[in-house]
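If you read the protein sequences in the order shown, they are chains A and B. In this text, residue positions in the first sequence follow the numbering used here: the first is 1, and each later residue adds one. In this text, residue positions in the second sequence follow the numbering used here: the first is 1001, and each later residue adds one.
Simulated from the structure, these hints should not be mistaken for lab results. Ideal Cβ placement from N, Cα and C applies to all residues, glycine included. Among these hints, one or two may not hold up.
Claimed, not checked - Some chain A residues close to chain B (C-beta under 7 angstroms, calculated; not the full set):
no.	residue
1	F150
2	V155
3	M160
4	S170
5	Y171
6	T337
7	L340
8	I349
9	A354
10	L357
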Amino acid sequence: MLMKLLRELVFPLVAVAFAFLVGGVIVLLIGDNPLEVYGLLLGSALTWPDGIGYTLFYATPLIFTGLAVAVAFRCGLLNIGAEGQLYVAAFATAWVGIKFGGTVVDVFGEPVGYGWATLPAFLLVPLAILTAVLVGAAWGAIPGWLKARFGAHEVITTIMLNFIAVALVSYFTQYFYKKPGDPIMQTVEIGAGAYIPRLGDFIPGIPARLPVSVAFLIAIAACVLVYLLLWRTKWGYEIRATGANPSAAEYGGISTRKQIVLAMAISGGLAGMVAISEVLGYRHRYYDGFSANYGFTGIAVALLGRNHPVGVFLAALLFGTLIRGGIFVDAFSEHVTKDLVEVLQAIVILFVAAEALFRGPFGRFGLLKRSKV
Amino acid sequence: MFEIFNLALLFSTIRLATPLLLAALGGLYSERSGVINIALEGLMLAGAFTAAAVTHWAGNPWAGLLAGVAAGALVAAVHAVACIRFRADQVVTGTAINILMTGIPALVSGAFFLSSGSTPQIPRENLIPWTPIVLAFVVLVPLTYYVLYYTPFGLRLRAVGENPAAADAAGVSVPRMRYTAVIISGALAGIGGAYLSIGQSSLFTRNMTSGRGFIALAALIFGKWRPVQTMLACLLFGFTEAIAIQLQGVRFGGEEIPNQFVHIIPYVLTLVVLAGFIGQARAPRALGIPYQKER
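Extracted from the complex, chain A is given alone in its bound form:
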């Protein structure tokens, strides 16, 4: 068991090491000291409490999108539509928070007429979370259905749906839910009853200024649930069977079309949960363009995490660290900017994807000799 875990860890670690090596060369070419830059990148993100608090905050949406991509991967699908799914879900969640969160009062104390009703928090929060999951799932199910029904490649349809999602929510924000005269493309605030608490609000020792919220705990729960779903239920078995060998699955009596729609819906639902951390836990409104490519980073997270919830969790922590550290690189390094984080992400994906790189000619160095899982 332990040996198996170690073997699983070797390849991602090698890929990350190589990515940092290449990134270091780029830093050197730009004219900074790679060790200093990496010191800033990793060191500042791992200080207690601010560094770690923010790292966990940045990791939270990545856990959700990483799980989303991983579930689809296990079914043999590549969901690059997490970005669109989380945008639609975030808007819908904010909508519920606005409509059922009571009447909003603007800066001058004037009531702004957006709310329909005032639900108590114990009803509103679950309702908002349910909305995030269901709306994300519905948007994710569309490409699943298009694939199952018409054979349309999910990669292309999810790309198209990403753009459609962004345009739709921007339309509704701009014309219906923006405070008149607000120069920023964002909705009015959600009712306070829909806020979820920050960890610092109830855990002693964590300062309440840190934005990491209950959403992080929900993300951990999601990891456990995805594990149970994939490896302990019939649904999960059928999803994995479809991903491993669709024709064999079909022969074994599994409706692969149904699994494709199901897997995409679950994937979309997980992506939609980003709304919990971003809308309910942090911004308390829908903000146009809030996602810092969480959907695409989710691909890197899932790949690096070997499409396993534990791996996804660890990979999300790594990328969360990078995002937090990037801010310090921006501020304190001479030439290099936080864009280094994106570059590192991309190189990690390239190395993980080109797995054969470590198995082919380099395999002789004994890095990895095991055949594919």
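Given the structure of chain A, go ahead and fit chain B onto it with the hints provided.
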């Protein structure tokens, strides 16, 4: 409302369709050889940034254009090596290239131009406003059509994309064809990107392609992977973009027309085509499948 349909709209359509067409034709070579190219966005960004940076340094737009082409080809070569030599998932690699190319230009311009991801302004006399338009519509579309259907190279390209094993048996080197095709796609997307930065505007800004690489990909699918149809699709999508720009601030019956709906037309149309409502879009049969010679 209808006074916006005039000659200016036509020119604007052609201008806006040009970068799409260049990238889409590039994608056509790559995908016809069996390599998915969702990296078009990143390849365009590579071309756009390099062209603007080199034009700024060298003071010569032709040097910039050439550098943009080279950058596109070089980045495409990375995609090609990962997909062909190491049989990586082509979509995953493409996504990585797209992320890489939002990062690298920002990193480089942050270091050398002390900006947050844009190059300095290029003076007007150093821009190439129309050459890429002619190149795309007058030269490349007929040339691609001819090459694809009337030359041995085109036949091999299509064979490699449809049935690589058969092509291999007939003595065609599948990897070599695919490398060539992917690198051509990078070069063409590079021109498309260069046209954006040193043709239509006068500097590179962060993520300046804003999804054009994906619209080009959509046009390629909408055009069913054929050169002339792809050109028509690019014109259609260029037209919707032109309309969206013209409609800004135009009032119709007292109401502003939300341009979000005009913007999504290309994406919706592509979805409709993919679902098979307008004819059948059939991809090259071996698209996305790494080829491994049998031993």
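Okay, the hints, checked on the actual structure:
For F150(A), the shortest C-beta to C-beta distance to chain B is roughly 5 angstroms, which falls under 7 angstroms, so the interface hint holds. Evaluation of the V155(A) hint against chain B yields a held restraint, the C-beta minimum of about 5 angstroms falling below 7 angstroms. Interface hint status for M160(A): upheld, as the beta-carbon distance to the closest one in chain B is roughly 4 angstroms, under 7 angstroms. For S170(A), the interface hint holds, the least distance from its beta-carbon to any beta-carbon of chain B being 6 angstroms, beneath 7 angstroms.
For the restraint placing Y171(A) at the interface with chain B, the shortest Cβ-Cβ distance is roughly 4 angstroms, inside the 7 angstroms limit, so the hint holds. Checking T337(A) against chain B: minimum C-beta separation of about 4 angstroms stays under 7 angstroms; hint holds. Contact between L340(A) and chain B, as hinted, is supported at the beta carbon level, the nearest pair being about 6 angstroms apart and thus within 7 angstroms. At a threshold of 7 angstroms, the smallest CB-CB gap from I349(A) to chain B is about 4 angstroms, leaving the interface hint in force.
Here the hint on A354(A) is kept, as its CB sits about 4 angstroms from the closest CB of chain B, short of 7 angstroms. Here the hint on L357(A) is kept, as its CB sits about 5 angstroms from the closest CB of chain B, short of 7 angstroms.
In the structure shown, no violation is registered for any of the earlier numbered hints.
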